[in-house]
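Participant: For reference, each letter of the sequence shown is one residue, going -26 to -1, 1 to 185 in mature numbering (1 follows the signal peptide of the UniProt record, and there is no 0).
The set of hints was computed from the structure by calculation and includes no laboratory data. All C-beta atoms in this analysis are idealised placements derived from N, C-alpha and C, irrespective of residue type, glycine included. Be aware that a few hints might be false.
[As the list claims (entries may be wrong)] Computed Cβ-Cβ distance ranges for the label pairs, DEER-style:
hint: 1; residue 1: Ile133; residue 2: Pro1; range: 17 to 25 Å
hint: 2; residue 1: Lys123; residue 2: Asp14; range: 19 to 27 Å
hint: 3; residue 1: Thr174; residue 2: Glu74; range: 12 to 20 Å
hint: 4; residue 1: Pro32; residue 2: Thr58; range: 37 to 45 Å
hint: 5; residue 1: Trp170; residue 2: Thr150; range: 24 to 32 Å
hint: 6; residue 1: Ser45; residue 2: Val80; range: 44 to 52 Å
hint: 7; residue 1: Ser45; residue 2: Ser81; range: 14 to 22 Å
hint: 8; residue 1: Gly135; residue 2: Gly88; range: 25 to 33 Å
hint: 9; residue 1: Tyr107; residue 2: Leu17; range: 31 to 39 Å
hint: 10; residue 1: Leu4; residue 2: Met127; range: 33 to 41 Å
hint: 11; residue 1: Glu108; residue 2: Ile133; range: 12 to 20 Å
hint: 12; residue 1: Gly88; residue 2: Asp30; range: 16 to 24 Å
hint: 13; residue 1: Glu129; residue 2: Asn21; range: 28 to 36 Å
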Amino acid sequence: MMKATIRTLALAAAVGLAGCSALTSAPPSLYVLQPKTTYDTDLPMVNYQLVVSVPDAPQSLDSARIALARSPTTIDYFANSAWTDRAPVMVQELLVQSFENTHKIVSVGRDTSGLRADYVLLTDLRDFEARYYEGTDKPPQVRVRLAAKLIKMPEREIIGGLDAVKVSDAERNDITSIVNAFGEATGNAMKAIVQWTLRTAPPTSQVPGKL
């Protein structure tokens, strides 16, 4: 199944998930992306606590299905393939782990972690799809767009914003290559947002009750 061509996958996706279920009872192959681990060496050490919210996303991307687009106005999904969680939830976890991997921040967690936030990172997942604008006979280009806002708490003051847009060309027309392209584009978006956040919020901000 992982060796299936995109032409076959796209054809199956076009008939919808119900049609795919009728053809096979096998569960979809699940895919997961990895957090970013490499950063610039001059990142500042910060002493605040950061909460990362679940990214807002359009309904078409708020799914565990792996999205593809044949044109700017259409969205479909690969058959028999899925992420391990809804895309926004997966991206939230990747952001948290990517911040942790810097070893430059006191504490970072999800918005459900109960962490008392000094800053909150809000994001919009605006693009997260493989684009076949030149036809399904060619490998797609994966586009990831994350728009971020950094909020200082408890004032809820917007410190700044960043629109991280990253693309990666899949090497081949198979789902493994496409997932790898998702990984590269997503990792580069993670790096941009993590580094921007650490450099934007004051690295030595004093928080009431802290030394």
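Participant: If a hint holds in the structure, say so; if it doesn't, say that too.
Facilitator: Here is how each hint holds up against the structure:
Range check, Ile133 to Pro1: Cβ separation about 43 Å, and the 17 to 25 Å hint is violated. Between Lys123 and Asp14 the beta carbons are some 22 Å apart, a value that agrees with the proposed interval 19 to 27 Å. The hinted range of 12 to 20 Å is satisfied by Thr174 and Glu74, whose Cβ atoms lie roughly 18 Å apart. In this structure the hint that Pro32 and Thr58 lie 37 to 45 Å apart at CB is violated, the actual value being about 20 Å.
Roughly 31 Å separates the CB atoms of Trp170 and Thr150, a value that falls within the hinted 24 to 32 Å. A beta carbon spacing of about 45 Å between Ser45 and Val80 agrees with the range 44 to 52 Å that was offered as a hint. Remark: the range hint 14 to 22 Å for Ser45 to Ser81 is contradicted by a beta-carbon distance near 43 Å. Taking the beta carbon of each, Gly135 and Gly88 are about 26 Å apart, inside 25 to 33 Å as hinted.
In this structure, Tyr107 and Leu17 meet the distance hint of 31 to 39 Å, their C-beta atoms being roughly 36 Å apart. Take Leu4 and Met127: their Cβ atoms lie about 36 Å apart, and the range 33 to 41 Å holds. For the hinted restraint 12 to 20 Å between Glu108 and Ile133, the CB-CB distance of approximately 40 Å leaves it violated. In this structure the supplied range 16 to 24 Å holds for Gly88 paired with Asp30, their Cβ-Cβ distance being about 22 Å.
Here the CB-CB span from Glu129 to Asn21 is close to 18 Å, at odds with the stated 28 to 36 Å.
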